[in-house]
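Construct all of the structure, not just a fragment, from the sequences and the given hints.
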Amino acid sequence: MSQTENKQGQVETTGHVWDGDLREYNNPLPRWWLWAFYVTIVFSVVYWILYPAWPYGDSYTKGINTVEYTVEGEDGEEKTVSEHWNTRALFTRDMQSSPSALAQEEWVGKVKDMSFEEIEQDPDTLQFAMSMGNYTFGDYCAACHGAGGQGKIGLFPNLADNAWLYGNSYETIVNKINNGIQGMMPAQNVAEDKIDDLATYVLSLSGEAEISGEAASRGKQAFASCAGCHGAEGKGNEAMGAPNLADAIWGVADVPGCGDDVACKVDEIKHVVNNGIQREMPAFGDRLTETQARMLAIYVRQMGGN
Amino acid sequence: MAHHDDPSYPAEPLYQAREPIHPKAIHGRFRRFKDIVLLVAYGVFFLLPWVRWERGVGPDQAVMFDIPSRRYYLFDLVIHPQDMFLLAGFLILAAWLLFFVTGLVGRAFCGYFCFQTLWTDVFMKVEALVQGDRNKRMRLEKQPWNGEKIAKKGLTVAIWTLIAFWTGFTFTAYWADAPQLFVSFFTLDAVSAAYITTGILTATTLIAAGFAREQVCIYMCPYARFQSVMFDKETLLVSYDAARGEGEAGRQPLKQGLMTLEERHAQGVGDCIDCKLCVQVCPTGIDIRDGLQLECISCGLCIDACDQIMTKRGWPTGLIRYASEQELETGEKPNLLKFRTIGYGVATVAATVLLLYGIFARAPADFSVQQVRQPLFTTLASGDIQNNYNVKINNKLQEPLEFDLAIDGLPEATLSVVGDFDSLEVPADGSRKYLVHVRAPRDAQVERREIQFVLTEENGRIEPLEHDASFVFR
Chain A
300 MSQTENKQGQ VETTGHVWDG DLREYNNPLP RWWLWAFYVT IVFSVVYWIL
350 YPAWPYGDSY TKGINTVEYT VEGEDGEEKT VSEHWNTRAL FTRDMQSSPS
400 ALAQEEWVGK VKDMSFEEIE QDPDTLQFAM SMGNYTFGDY CAACHGAGGQ
450 GKIGLFPNLA DNAWLYGNSY ETIVNKINNG IQGMMPAQNV AEDKIDDLAT
500 YVLSLSGEAE ISGEAASRGK QAFASCAGCH GAEGKGNEAM GAPNLADAIW
550 GVADVPGCGD DVACKVDEIK HVVNNGIQRE MPAFGDRLTE TQARMLAIYV
600 RQMGGN
Chain B
591 MAHHDDPSYP AEPLYQAREP IHPKAIHGRF RRFKDIVLLV AYGVFFLLPW
641 VRWERGVGPD QAVMFDIPSR RYYLFDLVIH PQDMFLLAGF LILAAWLLFF
691 VTGLVGRAFC GYFCFQTLWT DVFMKVEALV QGDRNKRMRL EKQPWNGEKI
741 AKKGLTVAIW TLIAFWTGFT FTAYWADAPQ LFVSFFTLDA VSAAYITTGI
791 LTATTLIAAG FAREQVCIYM CPYARFQSVM FDKETLLVSY DAARGEGEAG
841 RQPLKQGLMT LEERHAQGVG DCIDCKLCVQ VCPTGIDIRD GLQLECISCG
891 LCIDACDQIM TKRGWPTGLI RYASEQELET GEKPNLLKFR TIGYGVATVA
941 ATVLLLYGIF ARAPADFSVQ QVRQPLFTTL ASGDIQNNYN VKINNKLQEP
991 LEFDLAIDGL PEATLSVVGD FDSLEVPADG SRKYLVHVRA PRDAQVERRE
1041 IQFVLTEENG RIEPLEHDAS FVFR
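In order, the protein sequences belong to chains A and B.
So the first sequence is numbered by the numbering used here: it starts at 300 and just counts up by one.
So the second sequence is numbered by the numbering used here: it starts at 591 and just counts up by one.
These aren't lab readings, by the way, just hints derived from the structure by calculation.
Everything numeric in this text was worked out from a predicted model, so none of it was measured.
All C-beta atoms, glycine included, are put in the ideal place defined by N, C-alpha and C.
Treat the hints with caution; some may be incorrect.
Here are some, though not all, of the chain B residues that point toward chain A, as calculated from beta-carbon distances under 7 Å [stated by the list, open to error]:
1) 1008
2) 1020
3) 1022
Simulated coverage check for chain A against chain B, where a stretch passes if three residues somewhere in it have a Cβ under 8 Å from a Cβ of chain B [stated by the list, open to error]:
4) 458 to 471
5) 552 to 562
Pasting the structure below:
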């Protein structure tokens, strides 16, 4: 800005003089600028009235603005709660009635009304169910089964492969999610002189070890007590959750971790035979809605494929 | 220590009230040019949201910025979120163009095209229509608040408010279906964002064009502040030819003995007759004869004013004209082919070409492949290895596409898509996400193989697309 000039043609100063000759030019701020400052003050006062603002003691001014949302009371009745404005209440309300929440509700309704086969044929619904299943999995399942369902050998089954202890029908998966699973193999009392052959025989079913001649027949004989659950050929039994011992998947004995060390593999098998297995998956039926369990089943079922 | 003994201590307080400016209406070539720009700009801005347009999917509005569905519709061009670099390109182009024009002809944008100038112009025209021209307006300003003043000022503000409101509403209509918004807006049925946007724009338009006016240019607009950086001695400016206007003895009004150019020149008096018309027509209230000033928006109205007077006197026009500083000092015309102008010009053309290329070379569809990382690979019952991939396909065309997905680089692998579909269908102007399992026999030799996903449109409507990925064995 050019300096404002007074009548004498000199540049106008504020009139303040320092050290006898230092003066300050007067370049006045426009008045509306001052008004804009007053407007911000008015704005802040309005803000204090509407929103939580001033702390006092162990509390604070709440403001007159409110947020309403519904909660389920102890008697199961839905009732509306009104709170002073705060972001937690806002979040709760948005999760109930925002456009996104309503859109999600609509999709959940679709999943609810469709059979599993219909969902598989509809890319959009399948995408939604997989995506919701993914989040539900993260909330409830990932703590044990891992974020990608990879599980942990000896403890939690791998859900990302294509082997299913209890079969892979959607109905079974929903049932297991809702009711939980008691995974139990009793400890076997196998004589010291037979157990090495038994273990080697079990490994041979999947080609992890070689066995022949006398040892093979001793092993096979000893396996007879296993065949009740695992089947004569070790192919397992989905009705009991007895795993297939003839495939490449190891859920309890860490055979893959031994590499080519057969003695190590045998030890792993012996350990399982001698000690049995006691695993439990809790029931999630009371924590999931029916549709949540179905979407979770779709996600888990498709995670590894058939 | 501060003293208040200085005679120059200001009588005015430290805050300066805005002095209303009442520019006189003027005719001339710059005024006509400004009117044409105004008409075109208003025509485009106010009518565009109402233009209908047929397209396969999406609204039937020619120009619509559809935030909820994340699409910008510009006639046949549909801009998706992933095309946002086009917006960056457009802004870069606008910046280069601005630099180019500013280097050449000064603040041409401010004076003729800036919306602040356009709306202020319209509001001033309303003022003139209701309250009369400059003299009448100044008289009205001084008048006490009687019936006439209240009526005239009130009517002015009322008309301003209407224009401001329609401006705000029109802006809002770019973000929604205009006819639907019109109905829902006035039946109080529109979303709150529509009322808030319209309200804010009504208020800012009214304040900026009705009351703040040149204050916006002087105090709020950053462009006014950095304009001087882009000026040089050869930049064309609206300038007063001081040498001609002042002569040796300064400017003098017309009076006995100073009526003709010959008489004036004989006495060393300049051509400026100090009629002050150039000051009276200035929308920012400055005197162009003081030289280049921050407040000058380069609108050319003072040129019109001065030319009118000169023509009336029968003297040559151009006492105030577009001239560079150099030209005024030495009479040398500006060299248009200077390095900077060429540089900005080349940059502008390059940006335009790149932008157009970006628009026309946009892939009609694209897809991304993201490998599932947890677990990276899984051993299957058969001993084979499985890797999973999330494949997302975007279809930017206005027709549905059907794809087949295959992989290259791993001949023994099989690929299956989760779900029970014959082909990967992607709806028109939509996107879909698929989970894909790829299985290959265990390979003890390598840890990973580089592979390509190949997406082929079944009916050959678009070229096959490829995406690199890798397959992890262990």
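Output the numbers, in ascending order, of every earlier hint that fails for this structure.
When the structure is compared with the hints, numbers 2, 5 turn out to be violated.
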